[in-house]
Amino acid sequence: MTSSAKQFALEWFSGLGRGAALCRDIFASIFKIKPVWRDVLYQMYFIGVKSQSVVTITGAFTGMVLCAQTYFQFHKVKMDTATLAVVSVGMGSELGPVLTSLMVAGRVGAAIAAELGTMRVTEQIDALRTLATHPVDFLVVPRFLAMLLVMPLLTAGSVVVGIFAAFLVGVCLLGINPTYLWYNMIHYTNMDDVMTGMIKTFVFGGIIAVIACDKGLNCPQGAEGVGRATTEAVVYSSITILISNFFLTLVLNRLLP
Amino acid sequence: MIIEVRDVKKNFDGVPVLQGVTFSIEKGEAVVIIGVSGGGKSVLLKHLVGLLAPDQGEVLVGGVDIACLNERELLPVRRQFGMLFQGAALFDSMTVEDNIAFVLNREGRFTSGEIATKVDEVLETVGLKGIEKKWPAELSGGMRKRVGLARAIIYRPDILLYDEPTTGLDPIASDAIDHLIIRVVQKLKVTSIAVTHDMRSARRIGKRILMLHQGRIYADKTPEELFKSTDPVISRFVNGISDQREEIEL
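Protein chains in written order, with my numbering: chain A, -12 to 244; chain B, -6 to 243.
Check each hint, because a few of them may be wrong.
As the list claims (entries may be wrong) - Here are the simulated DSS-like pairs of lysine-lysine, each with C-alpha atoms no more than 27 Å apart in a straight line: (1) B/Lys182 with B/Lys122; (2) B/Lys111 with B/Lys180; (3) A/Lys37 with B/Lys126; (4) B/Lys126 with B/Lys111; (5) B/Lys180 with B/Lys122; (6) B/Lys111 with A/Lys21; (7) B/Lys182 with B/Lys20; (8) B/Lys200 with B/Lys182; (9) A/Lys37 with B/Lys127.
It is worth saying that the hints were derived from the structure and are not from the lab.
Take the sequences, apply the hints, and build the full model.
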């Protein structure tokens, strides 16, 4: 093994170890120390309310594109009215959770890593520790809980907007019969599809929070360090979301066939 | 003995910073640790409060070896400490009032009215009454240090640590901080440990001076003894004489 490969493997495993240790600290804090719900609410506002426009636009245009592409293929085999069913299942179980999570990883993951990273390089995290406060209790747990609570709501909003936008495109631009379009969507979309999406986005929310907090808390010194931590938070969260989505799809399809 | 440091060694990326530091501090002492920049003074101070763990050796606070404790076990030990950081390390997302009241708000033992009264009192002690609603970004360097000190003393710790309290301040602001530190130590009767390379400040705020040199405690003297010392290492540092002369071509 070359030295650069060794270095990569070492960094990868140490990152994995740090992430696992952080998860242990988060759950220990949640169960032993009462979370400060005022801090959780503030984070829910920052993560949820302030991400709404980005997530809504993403959902709307993804639904519209998916509707148009599906229609162009289905029209050849006279299956126009099944278009919205495809959009609904696709958005609900795959595109909604994944794209919403990627957008939130870009917006919120970067912000968390930059904020905690700046706190670290300006000794604010050391100050917190000398004030007899565990950084995980004060900084990580509110963000982690807020992310778990808010992500399913953001995804649900994105999926609903996406389906509605697709319906408008189908009816107004592509001329599909609205009654059959709507009926087929209801008929072919199962509760399991919705549940799959919600479980996925819940997991993705946890992934973003843990990776962004870990990168921020272990940020190297200096402005360059903060920049690197921010970039790594977004890149690693996005890659982890995409990889875990595959395994979640396999597992959830077994559990919710 | 409130603090005892026994043969502490610390390396960073293979570079030895502390190479067997040993000293002890009695309750109520005012100690200053001096030494060259980058010589490990702040590293040593961070060992005392458990922000860094030694590679080897023991750090005993009230008889408890804090080097063996994990982050959560260290929290009650740290409650005995108040620390003023070099850059004050105020939380920039909070107002001055919230910064100072941080520990009291977290503990939840006092009503908001009682907390506001205590914040008023400590702000008066540090000579900054009426700035409760300001943000750290609106304060000068000297004001930040005073607010940092107010945050450190509001919960009446037993030990106060100062990391370069006068660095980056003009002589008048430095003088004000020195007098403030002396006043706080006298008023609260706390053990005080400061790290500095400002000899004027060290002479004023310290009753005992430890000199850190090449990773070890080189001298442990009163300010008078230190300033009269004929030891070349001490004398050069105290009088600010470099052993490297650079030739400047004009």
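Taking the hints in turn, this is what the structure says about them:
At most 27 Å may separate the alpha-carbon atoms for a hinted pair to count; B/Lys182 and B/Lys122 meet this at roughly 23 Å. Taking the CA atoms of B/Lys111 and B/Lys180, the gap is about 15 Å. The hint holds against a cut of 27 Å. With a CA separation close to 26 Å, the supplied pair A/Lys37 and B/Lys126 stays within the 27 Å bound. For the suggested pair B/Lys126 and B/Lys111, the alpha carbons sit about 15 Å apart, so the restraint of at most 27 Å is met.
This hinted pair checks out: B/Lys180 and B/Lys122 have alpha carbons roughly 18 Å apart, not beyond 27 Å. About 26 Å separates the Cα atoms of B/Lys111 and A/Lys21, which keeps this hinted pair within 27 Å; it holds. Using a Cα cut-off of 27 Å, the hinted pair B/Lys182 and B/Lys20 holds, with the two alpha carbons roughly 9 Å apart. Distance check on the hinted pair: B/Lys200 and B/Lys182 sit about 14 Å apart at the alpha-carbon level, within 27 Å; holds.
Distance check on the hinted pair: A/Lys37 and B/Lys127 sit about 26 Å apart at the alpha-carbon level, within 27 Å; holds.
Figure legend: structure checked against the earlier numbered hints; every hint is met.
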